[in-house]
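Asker: Sequence:
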Amino acid sequence: MAVSAKWREQWIEAVSQIRSDLGYEKSAEQLRALQKTGLLRLTDLKNDPAKFFEAHRLLAHHAPKLGPGFWIRFTVHYNLFAGSVLAVGNDQQVAQLDDIQQKGLLGCFGLTEKLAGVNSGGVVQTTAEWDDASKEFVITSSDVGAHKNWISQGLVGELAVVVADLHVAGKRCGAHAFLMQLRKDGQPAPNVELGDMGRKTVGNDLDNAWI
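The numbering of the sequence shown is the working numbering, which starts it at 1 and goes up by one.
Among these hints, one or two may not hold up.
[As the list claims (entries may be wrong)] Result set (DSSO-like, lysine-lysine): computed pairs, CA atoms no more than 30 Å apart in a straight line:
hint	residue 1	residue 2
1	Lys135	Lys184
2	Lys26	Lys36
3	Lys65	Lys200
4	Lys171	Lys135
5	Lys103	Lys171
6	Lys103	Lys36
7	Lys171	Lys200
8	Lys135	Lys65
9	Lys65	Lys26
10	Lys114	Lys200
[Unchecked claim] Label pairs and their calculated CB-CB ranges:
hint	residue 1	residue 2	range
11	Cys173	Ser4	39 to 49 Å
12	Asp99	Pro190	27 to 37 Å
13	Trp150	Arg8	32 to 42 Å
14	Asn90	Pro188	39 to 49 Å
15	Ser134	Ala2	17 to 27 Å
16	Ser142	Arg8	30 to 40 Å
17	Asp132	Glu9	47 to 57 Å
To be clear, the hints were calculated from the coordinates, so they are not data collected in a lab.
Virtual Cβ for every residue (Gly too), placed ideally from N, Cα, C.
Could you put together the complete structure from these sequences and hints?
Answerer: See the structure below:
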């Protein structure tokens, strides 16, 4: 599917307004506003890949001026978060992406753990255990080494795709991805703990969290 000249003009105008001289909360508001325009759908990676990759190419023109912060924020939300839902989510979860976009909610991707170091994804100690009584998965980081680490957009995102080692009836089933609520009414969801990874040498318009 070809990308229209009108859409290209609208997208260039929208991304030209992005600023990097902001704190991470205001930077996040820029992404919320951008996705609420509907110019790029969270489902376009699957339904309109030509538009999806053209949007990235046009935004990349601003990368030298903006630095890495907003670019990483954008790709975490559209590629890692929404892309994971599209790739492994069920029909109900994929349909939820439209509601997420309409409300301007943001997502992050919880893979890397502290103990893993550079071997991100190779070590997954966070567990997801099926609780038959509540019909829920209970996701647990049992110690500091299992904390999700350097999670971009983790301080502002309402949702997360979390990779955890699935356990069912005492049987270990390997790493799976889980869509979960990270924040509710601006506060961490019940039993969710998180913190700021601290100031960086560059890209401080992007928040990074341990979870």
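Asker: Now tell me if each hint is right for this structure.
Answerer: Going down the list of hints, with the structure as the test:
no.	hint	in the structure
1	Lys135 / Lys184	21 Å, holds
2	Lys26 / Lys36	15 Å, holds
3	Lys65 / Lys200	18 Å, holds
4	Lys171 / Lys135	17 Å, holds
5	Lys103 / Lys171	38 Å, violated
6	Lys103 / Lys36	7 Å, holds
7	Lys171 / Lys200	41 Å, violated
8	Lys135 / Lys65	48 Å, violated
9	Lys65 / Lys26	18 Å, holds
10	Lys114 / Lys200	17 Å, holds
11	Cys173 / Ser4: 39 to 49 Å	45 Å, holds
12	Asp99 / Pro190: 27 to 37 Å	21 Å, violated
13	Trp150 / Arg8: 32 to 42 Å	34 Å, holds
14	Asn90 / Pro188: 39 to 49 Å	25 Å, violated
15	Ser134 / Ala2: 17 to 27 Å	49 Å, violated
16	Ser142 / Arg8: 30 to 40 Å	49 Å, violated
17	Asp132 / Glu9: 47 to 57 Å	54 Å, holds
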